[in-house]
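Visitor: Protein chains in written order, with the working numbering: chain A, 1 to 174; chain B, 175 to 463.
None of these hints come from the bench; they were simulated from the model. In this text the structure is predicted, and so the values were computed from the model without any measurement. Possibly wrong hints are sitting among the right ones.
Unchecked claim - Reference listing, derived: stretches of chain B covered by chain A, where coverage requires no fewer than 3 residues with Cβ under 8 Å from a Cβ of chain A:
#	region
1	215 to 229
2	237 to 245
3	349 to 363
4	370 to 378
Claimed, not checked - Covered stretches of chain B (chain A as the covering partner; in silico rule of three or more C-beta atoms under 8 Å from a C-beta of chain A):
#	region
5	190 to 198
6	389 to 401
For each residue, glycine too, the CB sits at the ideal point set by N, CA and C.
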Amino acid sequence: MRHLRLPLVTALSVLFATVLAALPWGLPAELRQVPPLLPFLVLHYWTMRDARLMPEILVFAAGIALDIATGGPAGYWSLIYLAGYALTLGASMTVLASDALSRWLLLGVTLLALSLVEIALATIYFATAANWSTPLVAALVATMIYPLVAAPLRVFAGPRTAATARDPSWGRAT
Amino acid sequence: MLAILVVVSAGLMALDRLNHPVVRDIRWRVSDWLTPVLAAAVEPLQPVRWALRKFADLSAMRAELDRLRADSRKLAAAEAQAADLERRLAELSALARVVPDHALPFVSARVVATSSGVFVRSLSIDAGRDHAVRSGYPVVSGSGLVGRIVDAAPASARVLLLTDLTSRVPVIVGKAAVRAIMSGDNSRQPRLEFVASDARIADGDEIVTSGVGGVYPRGLHVGRLVLGARVPRVTLHAALDDLDFVSVLMHATPLGDLDNDTAPAANGAGVAPRALAGKGGHSGPERAP
């Protein structure tokens, strides 16, 4: 049972973040893009910790659930989460991801890249130039609040072990 | 696997853009399943929303106080004028034998989710086809028009907000009743388009729906005109970022329901007098049974 605990915590935390992201928080328009990045922050944490905990299908499911719950185009957030997941996987295999501060900076760069993907997708979808400032602000805010999201996850996950730290399969998709 | 899922996501987006019935059907089913979960999750969120609202209120209080003082001075002068106009209108209505407006049935629903894309401005409510909610029905809050229903599942529906890029609302502006189209562009203040260059409009003019096209009934309060930018814009009365409850007005459009459904008034749906609908409709916390 113990070997199932962490995958279960991973799935539940992503589900919880997805529900939180869909709720009407009453945030001002400039910050409305922040909640949808919550599930990504969670999946980023788990992917950076051990990519085997985060199967692609879970990333896809979180995005689709958010799309449907919020009435957005089906496939929009799943595409963005998958793009972010791929970037995170790539980043996790670099030497830059060796300490917490570096991982935080890599997250900032990843979120910045994702906001560009969001703008590009929106522009293609509606064939009109999409608002660029809101996704960029959201990326910045999400980067800043990441430690608040990561702290409780770290408590649930427990300390890193040799098996979950940088082993040869770390950062490799299952 | 990753590449396959990316292709599936892109395919779903393309099908959704084409409004494919299969995607719509899946969306309805999943949405109905998710709505009770979201409705339950909204409850514990209320204290957080309350705190956020209080914080925003406090920061805006000074400006609000100045505005209220100015409004109070204007209202004192307008009160006497309104009483006189009311008396004259009653006399003229009696002379012209005007038929009073019909009451509009409505159903109130809770907002359970808000949109999160860079371009979609919509929200989900926990009332759907089972509550006689149909595509095309206007949605109001206690302050003014919010948008219209674009998708109705059995137990939930999606509301396209006035600020959405695809939203177009025929309106009339000010005392001169200048006709225009209010177009959402995903900003907080929709644009006002097709206004004649010599139109007699002024900053702060009240904007209401014109009823042209039949989707929205005439006279729903929308917002106030803001001049000064490159294009005239509208400050909406309804606080679209902070909606708890909304009311769906069962206004059958003469264009026909978009889902080819008949649109009878719901069993148990409330009835809003047109005058109330004009003020933004019912927004109390109670639900129609």
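Visitor: Hint by hint, work out which the structure violates, then give me just those numbers in ascending order.
Guide: Hint check: 2, 4, 6 fail, others pass.
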